[in-house]
Amino acid sequence: MDSVLEIKRLRKEYKGFTLNDVSFSLPEGFIMGLIGPNGAGKTTIIKLVMNLIRRNAGEIKVFGLDNIRSEAEIKARIGFVYDNPFFYDDISLKSLKSAIAPFYPKWDERLFQKLMEEFDLPLKKKFKTLSHGMKMKFALAIAMSHDADLLILDEPTAGLDPVFRIELLDRLAALMENERKSVLFSTHITTDLERIADYITFIKDGEIVFTAAKDEILENWAVVKTGGDRFESDGVPGLRGYRRSEYGVEALTSDAGAARQALSRDDVLERASLEDIMFFMSKGERHG
Amino acid sequence: MVNLIRKELILNRLNILIFGGMIAAYAVYMPLRKVSSGFLMVSIGVISAFLPISFQAREDRFKGAALNCSLPTSRNQLILARYVTGWLMMTAGIFLTIAILLMIPGGLTIVHSLLTLKSLILWLFIISLVFCLILPFTMRFGFIGVLVFLVALQLLGTLMLILSLMFRGKTNAIRALFNGISGLVRTLKAGLGETGFLLLGVLFILIMNVLSFFISRQLFARKDL
Amino acid sequence: MEHIVEIKSLRKEYPGFTLNDISLRLPRGFIMGLIGPNGAGKTTTIKLILNMVRKNGGEVRVFGLDSVRDEKAVKSRIGFVLETPTFTSYLPAGKAASAVGKVYPSWDEACFQRIAGEFGVPLKKRVHALSRGTLMKLAIAVALSHGAELLVLDEPTSGLDPVFRRELLERLSGLIRDERTSILFSTHLTSDIERIADYITIICGGSIVFSGEKDEIRENWAMVKGDPGLLGSGTEGLLLGIRKGPYGFKALTRDAERVRSLWGERAVVERVSFDDVIYFLNRENNP
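Protein chains in written order, with my numbering: chain G, 39 to 326; chain X, 81 to 305; chain V, 34 to 320.
Okay, chain G solo, but in the shape it has when bound (with noise of 0.2 Å):
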């Protein structure tokens, strides 16, 4: 299977912050979902993909080709949301549109329309004019508007209420299915990946922390919950992480299976959610 987006060793070091040695790839025709913690690296993952900066070492492939040799050729074919769109507050959407069509070969004037409509987007109106939602339906039309085989989007979610969440989603989901796509997309809302991901990339102080396929990990981590003098480091395998609470001990555990086999009668195993999973690993005592 083809890597649609390669990344290898990636490397990038700001005062105080540095994204270090980052590896994952995404297969063609998936949706990877990037989570981590504010300020854990998704955002600096994402602009070095896009070249908006520069990378200290490593190597970005995207389609198979060097992203900033062939960074004309990549960007054709990629349709990227950003959190805070930057498009200009006084334009309106319709020249905003005659301003960036043109560079895409690819650009079906119909879709976007109908998109637009979907969206309930005026065209006439100013792009200041838009709400937040708003303005990111207005990315995503722009981002879809032109048969992108990759998009790229980060935080598409944030401040957004269910229903266009789910709109949202359901959206992406549906271009998963008629075509080859790839979907990376960046978020803090952990439910919303796992409703649609096929691979998380965990990310934590410039750290990859596992890069899996969802489904892999659901089954494979797992929250055990014991009482707190029952408690003991060594006695969970695969632990992760744990907390103390006055109820007793959760821990997080990697190897759901072996930490079923060590169970004993009075602890709980529950299924891990991609939220515990954030939360143990940044919050939680950490094991070994």
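Note that these hints are calculated values from the structure, not bench results. Bear in mind the structure is a predicted one, so any value in this text is a computation, not a measurement. Note that the Cβ used here is the ideal one computed from N, Cα and C, for glycine as well. One or more hints might be untrue.
[Said to hold, decoys possible] Label pairs and their in silico Cβ distance ranges:
(1) V:Lys-128 <-> G:Glu-147: 51 to 59 Å
(2) G:Gly-54 <-> V:Cys-144: 25 to 33 Å
(3) G:Glu-147 <-> V:Asp-248: 48 to 56 Å
(4) X:Val-228 <-> V:Lys-128: 26 to 34 Å
[To be verified] The calculated DSBU-like cross-link candidates involving lysine-lysine, where the alpha carbons are at most 30 Å apart (straight line), are:
(5) G:Lys-53 <-> X:Lys-143
(6) X:Lys-143 <-> G:Lys-163
(7) X:Lys-143 <-> G:Lys-173
(8) V:Lys-158 <-> X:Lys-303
(9) G:Lys-152 <-> G:Lys-162
Fit chains X and V to the known structure of chain G by using the hints.
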């Protein structure tokens, strides 16, 4: 390139209209006040040069660089387009001025004095100077940087004035500098002859633009957005 | 049971939008989540409770007092956070917060300093330099620092990363354990509701669609999936926001039992997420 130019024009439509209006107003107003053609060239030249600079300022304001750099194009192309569009705008400014002058009473004489090779080259020189200097500056420091630059220039001018007053009669470095430059220009003119001197002027304009372009390109290529 | 908030037939008219016949009750010592699509009326409801806008009809009682007549008494016991916290932007965060806080008779500066420290808010930094998430943390710290009996929060988790969000929610749910404090909050992030709300009020298109215990939704509401052939006259009102797709239809029901007895094995009846609840209710409202 066409796409890039079109994009610049669409996104900065209002500025083009406003600056166009200012140029037209000057072109109408100045002959009425019997202003010298030299003054007209400088003022309209400066306004024209600031039009493409305002494109850069707008891009800063709306963080349009992120959008521009995400489009299927390269940073070098983006910068080249800014310079090309800039020159398109500035030459359009010249044409506009002349067109308006032709239409108003008293304008014809000014047009005559403007339409000499010498005047045109001088005009282009003035425009280039402003454009080539300030565009990379705006790119590096943003629009605020330009304001800072202009204010700094004012302060420098005031400082020079004070200094010249203080050192009146004594060895005046600034006066010496000016005399030096005008002396050099005169020597060149005498040495090269009229045509040769004009060619030198054109060469200088080209060099300024090329240098400015390369500097802008470097600045932009490195910029983390 | 004493109700800390009692709203009866509340009404507010705007040009183009009307909040109509809103009634809800929040018992003391519990948490209520207010959810609904954008523009449904959540923020308006909250503003009406805080008497920031004038109602056109109905009654709002807080702590048994009328929210308009006894405004001052009511407000001194409420800690609130609005979607965009307003602090004087040029002041350092600590000073700006204290300025607001001192308006409350039971303001506890030491408590505020402590909570702000725990939240990691840089109190010396000027307000305009704070990120949205940090600003929210500041506002929440203020709301928690004057012994308020009722916390009213409008989208408190917006802009916060999931880790801090969970911590905040845990802290909020810890607060009510004293059985004195109650919390009313609106949110887009329905996972917040799943985590800590006892009661839920769903507002859609300016009206209340549901107001009651979260468990009721958990037990009786469901997602129904089946063949379009099943749809007929018997399903009027039972299935909400019906969506037909290439694989069949999907709809929300408020009466899972009845659907099961109607169709048995022929339809899939499964647990519905709150996101989907809002999605389908919105669909039902805006066909």
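Status of each hint after checking the structure:
no.: 1; hint: V:Lys-128 <-> G:Glu-147: 51 to 59 Å; verdict: holds (55 Å)
no.: 2; hint: G:Gly-54 <-> V:Cys-144: 25 to 33 Å; verdict: holds (31 Å)
no.: 3; hint: G:Glu-147 <-> V:Asp-248: 48 to 56 Å; verdict: holds (51 Å)
no.: 4; hint: X:Val-228 <-> V:Lys-128: 26 to 34 Å; verdict: holds (30 Å)
no.: 5; hint: G:Lys-53 <-> X:Lys-143; verdict: holds (22 Å)
no.: 6; hint: X:Lys-143 <-> G:Lys-163; verdict: holds (20 Å)
no.: 7; hint: X:Lys-143 <-> G:Lys-173; verdict: holds (15 Å)
no.: 8; hint: V:Lys-158 <-> X:Lys-303; verdict: holds (28 Å)
no.: 9; hint: G:Lys-152 <-> G:Lys-162; verdict: holds (15 Å)
In the structure shown, no violation is registered for any of the earlier numbered hints.
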